[in-house]
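Novice: So you can see what is in the structure, the chains are spelled out below.
Number of protein chains: 2
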Amino acid sequence: MRIAKTIAEVRSFIAELRAERSDTASGSIVGFVPTMGYLHEGHASLLRRSRQESGISVLSIFVNPIQFGPNEDLDRYPRSEEADLKLAEREGVDVVFLPSVAEMYPEERRTTVTVTGVTERLCGASRPGHFDGVATVVSKLFNIVKPDQAFFGAKDAQQVAVLQKMVNDLNMDIEIIPCPIIREEDGLALSSRNVYLSEEQRREALVLSRSLRTASLRIESDAAVTPELIMAEVTTAIQESPLAEIDYVDLLTFPNLEPLDEQDGFTKLRASEGSIILALAVKFGSTRLIDNTIMKLKEVPLHV
Amino acid sequence: MRIAKTIAEVRSFIAELRAERSDTASGSIVGFVPTMGYLHEGHASLLRRSRQESGISVLSIFVNPIQFGPNEDLDRYPRSEEADLKLAEREGVDVVFLPSVAEMYPEERRTTVTVTGVTERLCGASRPGHFDGVATVVSKLFNIVKPDQAFFGAKDAQQVAVLQKMVNDLNMDIEIIPCPIIREEDGLALSSRNVYLSEEQRREALVLSRSLRTASLRIESDAAVTPELIMAEVTTAIQESPLAEIDYVDLLTFPNLEPLDEQDGFTKLRASEGSIILALAVKFGSTRLIDNTIMKLKEVPLHV
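Chains Y and Z are the protein sequences, given in the same order.
According to our numbering, the first sequence is numbered sequentially starting from 4.
According to our numbering, the second sequence is numbered sequentially starting from 4.
One chain only, chain Y, in its complex shape:
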């Protein structure tokens, strides 16, 4: 495994590997997993997927300052380079790109990649500027690594929708591959930020995955249920946890992230087998967790 600290290094490592491995069919396909480090089994699942599908597997670890708001947790975002490199080695990563902030932003940055529409709700609404920072840094990383495929976790579902739209709109020749959310055995979605939770917060945080699960079972089985009812039930369930403070609970079409027609509710989407996302962001103390479930809707027989 090679470790690159500079853009020039990562480019030359990847070029060498492409040349060495160009004789096999998938040998010179570059798979890329961009992360902010503090890697957990969610990231490991992305790296395994990249290892399976690409001849060259590249991981980047960069806590990107421009995607954090002024009152967010940039300064205390958890880091653990040594453990990250061990995990990367274990998952067969070929090249780790570990740039400094000065390497990524050497001069006053004047260029921003902005995606509208899909950024208006959910985290886009509660974290202004966040997705500009994400789209801009991912554009940079894509231009540096030049991957054929890039793997992202579905926990950041809005991020996947934003990047897919960006790649389509700007004709980037890169396949965005969303991968399933990885959860603890008790249901908590893995997140680098889980490390901030107290034991009690950790216990109460289970309400997120539990309420999503209950809601999706209800949507799958109850033809009469409405989006409003689902949202009300999820909200009530979370509010029963005294430590939870809701940032948002929302139910939107996926991947366009548009509100459902109020009159129509699920009806047309069931008929057309459209997809929805039920997504939430909830604070426990100063730790903000997100979780979601994406479902393809189907007709429900009225009498089961």
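Since the hints were derived computationally from the structure, they do not count as laboratory data.
Quick caveat: nothing in here was measured; it's all calculated off a predicted structure.
Some clues are possibly wrong.
[What the hints assert, rightly or not] DSSO-like, lysine-lysine: derived pairs with alpha carbons at most 30 angstroms apart: (1) Lys149/Z with Lys149/Y; (2) Lys149/Y with Lys8/Z; (3) Lys301/Y with Lys271/Y; (4) Lys149/Y with Lys89/Y; (5) Lys149/Z with Lys8/Y.
Got chain Y; can you put chain Z on it based on the hints?
Specialist: Relative to the frame of chain Y, chain Z by itself:
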């Protein structure tokens, strides 16, 4: 010469040529000249440069709607596909990319590349949104063609500054190569829009290059001259033409396009051999022409 109407075609033509020509040193280097067509000798000079420096020479012709304002000349922008293809053939172009608007913008576009700072003055001030449209379409074209080098005319000096900043900020692995302004024998800078000028407007439009030339000679030879004086003289010279209506006359640092220090004038820039641009945009009837001169400043001996 191959002509591609779709993104898939242009990618496959370039990939074939890269494979065929990979045995020579410069053979698989892709040079790119993006244009809006109605090609003249200014474009031809870019294509010749691309032919000299790159093994594969790609031209795009696309009148990009998103860089025109609502009251600008998109609908009447001149076109002449047949003549353009002849000129391209003559200049040894390998691949012409001639996409439709639907090919470039197949769905509702939500992604914009924005460059601030260098876009605040000159055409950026008088054509709001113009450089967002330019940066966005050039990003798309770069992602489609994947050139190693891209050639742009210095007549659009602010465009060159914007694209250079975009390429640096987003780590695009592409060299931006600015090429000198090409002029008619009488000094008029070549432009596709010159075709709109009446005989009388055409004659009066010579005031642009003439006043730039006078100003640059004065800056080169007169240690006491100030930016204010230069701007006043250029403005007065243009105002003497009854058909000319000034949009802007401005004198800025290059390539950062920042105003000069009012107190200091040219002094520090002369000492450090800094560069300036004297740029103007002037309307003759409904035709808006731009021209500029970029100079590296030098000390002037006080007594010559």
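Novice: All hints are to be evaluated individually against the structure, with a verdict given for each.
Specialist: Each hint, compared with the structure:
Proximity of Lys149/Z to Lys149/Y is assessed by CA-CA distance (about 11 angstroms); at most 30 angstroms being required, the pair is judged to hold. Using a Cα cut-off of 30 angstroms, the hinted pair Lys149/Y and Lys8/Z holds, with the two alpha carbons roughly 25 angstroms apart. Using a Cα cut-off of 30 angstroms, the hinted pair Lys301/Y and Lys271/Y holds, with the two alpha carbons roughly 10 angstroms apart. Restraint check for Lys149/Y and Lys89/Y: the C-alpha separation of about 24 angstroms stays at or below 30 angstroms, so the hint holds.
With a CA separation close to 25 angstroms, the supplied pair Lys149/Z and Lys8/Y stays within the 30 angstroms bound.
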